[in-house]
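Protein chains: 2
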Amino acid sequence: MKNYFSSNFRLGVLGGGQLGKMLLTETQKFDIYTVILDGAADAPCAQICNEFHQGSLMDFDTVYNFGKKVDLLTIEIEHVNIDALIKLEAEGLEIYPQPSVLKIIQHKGKQKDFFVKNNIPTSPHKRFSSLAELKKEQFNFPFVWKSAQFGYDGTGVKIVKSESDINLLADTDCIVEELIPFKNELAVIVARNKSGEIKTYPVVEMEFHPEANQVEYVICPARISEEVALKARAIALKVAESFEHIGLLAVELFQTANDEIIVNEVAPRTHNSGHYSIEASYTSQFEQHVRSILNLPLGNPESKVAGIMVNLVGEEGFSGNVVYENMAEILKMDGVTPHIYGKKETRPFRKMGHVTIVNNNLAEARKTAEKVKNTIRVISK
Amino acid sequence: MKNYFSSNFRLGVLGGGQLGKMLLTETQKFDIYTVILDGAADAPCAQICNEFHQGSLMDFDTVYNFGKKVDLLTIEIEHVNIDALIKLEAEGLEIYPQPSVLKIIQHKGKQKDFFVKNNIPTSPHKRFSSLAELKKEQFNFPFVWKSAQFGYDGTGVKIVKSESDINLLADTDCIVEELIPFKNELAVIVARNKSGEIKTYPVVEMEFHPEANQVEYVICPARISEEVALKARAIALKVAESFEHIGLLAVELFQTANDEIIVNEVAPRTHNSGHYSIEASYTSQFEQHVRSILNLPLGNPESKVAGIMVNLVGEEGFSGNVVYENMAEILKMDGVTPHIYGKKETRPFRKMGHVTIVNNNLAEARKTAEKVKNTIRVISK
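Chains as they are written, first to last, in UniProt numbering: chain A, 1 to 381; chain B, 1 to 381.
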């Protein structure tokens with residue numbers, strides 16, 4: 001094992017947003033010198049990493065030159081210049097997740113093809129390189145359209161219900177999927193290190209708002225049968241093994257009407273669905289990511305207590321300097337921990353933070369989560 | 001409530017060592033802008049706070065000028081220039097713990113007098129202003145001698161067994177205490193905010209090495225009867241109430257042969273005996289300190305799981321660039337979390353970090369703690 005702790009070892013991270021910030025908590029805990037690259041001078045990580053570099057993650061030279069300054073490179077966002085990573089890797093830099101894996105996952109068409117090739121259950125799909133090409137095809141409505149690249153938090157995904165909807169689609173490289181009716185949207189985080197050690201986190205469940213069709217709560221453990229949970233973990237594990245992925249992989253899954261598990265898509269990094277782990281798990285997803293990329297033994301992914309996560313997003317109708325209204329009210333509630341990402345300006349639906357609710361009893365945590373959701377407001381002055 | 005989160009509010013902290021570093025984890029989580037003053041340019045906090053100022057904590061002008069740059073001031077070490085704090089407070093700055101409380105606690109003679117005056121059980125003591133004055137007195141041996149000021153981690157404390165030992169004592173303001181034989185050394189952390197809300201953490205127990213007479217494990221919960229535990233928490237609460245202390249107060253206690261609880265001494269801050277709380281408690285002592293000084297509602301101090309803390313101190317015979325030998329071995333063990341403070345140089349007995357072991361079952365945690373203790377070594381290259 002290399003000497004990572006209070007040493008001259010330099011860990012590089014592409015991206016300095018909230019995922020990077022929560023990763024820094026872990027590198028600080030281990031005193032691993034961490035260098036961050038991000039496009040924004042006021043990125044959440046800027047003031048609290050050992051060294052901050054400002055520059056575009058999509059620019060070849062910027063990423064390449066940054067890579068030359070570190071001993072091992074990882075990412076907190078997958079939209080980065082992969083060509084620079086490939087060159088750096090060829091020149092001997094360790095990069096996890098591997099550029100070859102990122103290249104596949106970054107492109108939803110290649111990602112789906114990979115699932116099919118590796119017998120990973122997923123909804124049937126077709127790839128198109130332009131809107132014109134797509135228009136030549138006959139479809140059963142409704143279907144799911146996804147931009148092949150750069151989608152984020154639901155952007156770049158549309159449910160197409162009729163011919164007229166097709167004309168509203170962007171003219172871009174895309175995939176079309178069968179719309180699978182599902183009972184539950186689930187996720188499993190998998191960690192794998194260079195030695196091939198691999199561990200899956202418990203299954204989490206996304207609970208949707210009954211009308212708004214938005215995820216309201218991420219719940220761990222998912223309220224599903226043990227049989228379905230084991231199937232979900234086994235499939236997620238298979239996905240990470242197929243990629244020979246090193247680092248954290250978040251596998252988003254659907255539980256179908258007849259309890260089949262199919263893979264929706266994957267993210268090659270720490271993930272919103274794993275934020276509960278900071279308070280609830282023996283090893284948080286962020287510590288686990290550090291362990292996996294440095295080829296340290298993986299930690300216990302099981303939970304101490306049940307955990308529920310509520311995203312804090314900017315309220316509609318408010319833009320400007322953020323105010324977290326009623327913070328004192330939620331801090332009064334048992335087992336409630338707010339995480340504030342450090343973005344000074346709120347905008348409608350901008351992810352500004354999250355709140356974790358933990359309790360020995362999941363039903364109690366669920367009640368508190370609803371109170372939190374109905375109490376705190378992300379507004380502006 | 002003031003707007004502390006992602007706002008222009010500036011929290012000042014006197015001291016940038018490991019306690020400050022673990023506090024930063026919490027201020028980062030809440031995105032509270034934190035400014036640190038420390039004498040050492042390479043203090044553990046230097047690179048990871050929002051703003052770092054280098055300067056002596058004992059220098060009036062340095063502390064006063066630093067205080068003028070922040071909206072609220074706290075400490076991570078009690079050895080600071082109190083006169084500067086008194087002036088800042090008189091000029092309207094909020095300082096927690098209060099300078100008047102720090103002034104008493106900073107001086108062990110005043111601290112003991114305070115206990116006596118407030119009917120807080122403690123061992124009988126006498127104060128002396130010099131060694132010459134002490135020598136005039138007749139003593140029963142053995143007794144405990146404590147330097148009145150600036151003791152740290154056992155420095156400034158001596159067990160005096162004979163007349164000849166007296167000649168080895170420093171010529172300084174000091175106290176002499178009766179040596180009380182005790183069954184257990186315990187500690188209770190109390191949090192209190194400006195509104196008067198007060199919460200005690202569970203009692204922790206110091207387990208000593210059978211021969212070396214050094215604390216080996218800090219164990220939560222202490223393996224004592226519920227009756228003794230409740231008495232210890234009640235006495236600790238009374239101490240904090242008596243001081244009208246705002247912030248965290250660590251109360252060190254002895255359980256005597258006949259199960260009386262007496263107060264040994266107090267520390268007006270986060271404390272080594274509360275490090276287990278980061279992994280084991282619903283609210284870590286560092287988050288609780290932030291909540292208490294900002295007059296936020298206090299969090300739940302109870303534990304999710306049992307926790308044991310092992311200090312990582314520099315091994316005898318090694319000085320220089322630190323290496324944590326066998327880190328991979330301890331990371332393999334379940335529920336084990338190392339904290340590395342970020343001191344580049346090890347020296348014999350220097351506090352370099354700590355390891356927390358958590359488990360649902362305290363006996364299991366105790367077994368793992370012993371394995372950790374026997375495995376990891378803090379040495380130099």
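Don't take each hint at face value.
Note that identical chains are pooled: a pair holds if it fits in a single copy or bridges any two copies.
Claimed, not checked - Here are the computed lysine-lysine pairs in the DSS-like style, where the Cα-Cα straight-line distance is at most 30 Å:
1. LYS194 to LYS371
2. LYS238 to LYS135
3. LYS68 to LYS117
4. LYS136 to LYS158
5. LYS103 to LYS367
6. LYS2 to LYS68
7. LYS146 to LYS238
8. LYS146 to LYS381
Keep in mind the hints are simulated off the structure, nothing from the lab.
Unsatisfied constraints (hint numbers, rising): Failing hints, ascending: 2, 3, 5 and 8.
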